[in-house]
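Assemble the whole structure, with the sequences as input and the hints as a guide.
Just so you know, the protein sequences line up as chains S and U, in that order. Each residue of the first sequence is one higher than the one before, counting from 788 in our numbering. Each residue of the second sequence is one higher than the one before, counting from 788 in our numbering.
Be aware that one or more of the hints could be misleading.
Note that the list lumps identical chains together, so a pair holds whenever it fits in one copy or between two copies.
[As the list claims (entries may be wrong)] 20 Å max Cα-Cα, derived DMTMM-like pairs, lysine to aspartate or glutamate:
1) Lys909 to Glu813
2) Lys1043 to Asp971
3) Lys1014 to Glu825
4) Lys998 to Asp802
5) Lys1014 to Glu1000
6) Lys878 to Glu1038
7) Lys871 to Asp907
8) Lys878 to Glu951
9) Lys878 to Glu922
10) Lys878 to Glu989
11) Lys854 to Glu829
12) Lys871 to Asp915
13) Lys878 to Asp900
Please keep in mind that the hints were generated in silico from the structure rather than gathered at the bench. Because the structure is a prediction, the values reported are computed rather than measured.
Protein chains: 2
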Amino acid sequence: MIIVKIGGGKNINIDGICQDIAFLLEKEQVVVVHGASETRDEIAQKLGIPTKTITSPSGVSSVYTDKAAIDVFLMVYCGLQNKKIVANLLKHNVNAIGLSGVDGKLWQAKRKDVVYAVEDGKTKIVRDNFTGRVEKVNADLLWLLLNNNYVPVLCPPAISLQNEIVNTDNDLAVAVLAGALKSDKVVSLFEAAGLLKNVHDEKSVIRKIKKGELEEYLQFAKGRMKKKILGAQKALANGVSAVYWGDGRVEHPVLKALKGKGTVIS
Amino acid sequence: MIIVKIGGGKNINIDGICQDIAFLLEKEQVVVVHGASETRDEIAQKLGIPTKTITSPSGVSSVYTDKAAIDVFLMVYCGLQNKKIVANLLKHNVNAIGLSGVDGKLWQAKRKDVVYAVEDGKTKIVRDNFTGRVEKVNADLLWLLLNNNYVPVLCPPAISLQNEIVNTDNDLAVAVLAGALKSDKVVSLFEAAGLLKNVHDEKSVIRKIKKGELEEYLQFAKGRMKKKILGAQKALANGVSAVYWGDGRVEHPVLKALKGKGTVIS
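Set out below in structure tokens:
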């Protein structure tokens, strides 16, 4: 089984990815996971509640997700982006079904009750941040759909143990999902040619990384790529044989990534 | 089986409805269908693309759904409202799964290629209106979920035969759904005590209507209620034994409607 993770950038070639998925399905099962961060930020801005980030005492920044931000999250991830991908897959004769981590408790997460944030040099306690780590997957539901020839198209948010809707790190959620489904491969597509040695040079793609050496590459990773490295580490630890990072903007993004045109970690 | 249709008004007691559904599930299967029109109009307004209506040459007005309106529709129906109802049901230990008519082609509709609209006294052809009538239900998918103890929570839009996302009349979609699932009862909850003889007097509820006499009551129906009458007619024609219209704002909205506190058509 292959998990195809579609990044949240607006230049991702959704149609090309859906076409590739239809092709792959002739030989193996596929589960799709997607983001929608760029559109989320755009809609949040238009609604007058722009996306805010908080910085932890250790310097890691993350999205601050209060109740209003959860609403925007639901609208853009579960509504707009999820159904557009589902409709595109249907167009390619793929029997797609869109679900969030909330549906059937697909992704259960432990909510972080309290988050520490540094603001103007002072550490504050943030209590209205709805975020958590995915710990449990409803694999039975996914197998029920897969064994009946449906292709699940999944996205955050997740559901907390107290049934609150919570934001969650998508790359980590994919890693937990891969473990639960005993998935063989994870293909992650985003708006870059792969992991770049020099972020300003698209030709500086690092082609191969041994899984034991992934930690060393954290130095090349900027922003979101750090989370992708941690997600890949976890996916490999959970039994995935290879993680493929590839350019989501090109023609045949999935097939190219699987051919090693981006970065392969194994 | 009971289909519970939750109207799109903002004063609907979602929590009370979810509590009732949990209770009903001890004895029978339930499928939930919901709207979200009031929140849709609010978000559309905030995004600067307010909901527009068109009036047909025969005087029936309906929502004009161009591509931008479809986006808002997806956001509010499939994202915000659907996942909030699902999370609320989970809180009541109901194994809920939210799906739109797009997912797995749950609601297939024939798109109206062309719509005629009267504007300033002139009849115009509108071509960019994405709307259609639900003609086919993926009952296999619903039975797969129901037989595995999941409660489907459904909403429009539907998917056209050409795989376009299309708006559709929710009450008619419920009627087609009821026929496909051989549902026994339909409970429809909205922001009124039932069908009122006098729209300004909440106490003028018409308690019972014989299905053969439903047509006569069109005179008491204003706006959306006309579509509800047509939907009820179709549901009864499709084999439903009774349609219950009830107040969605009260405590125990579903149980009260089933006890005949609103309008019962049979």
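Failing hints, ascending? 1, 4, 7, 10
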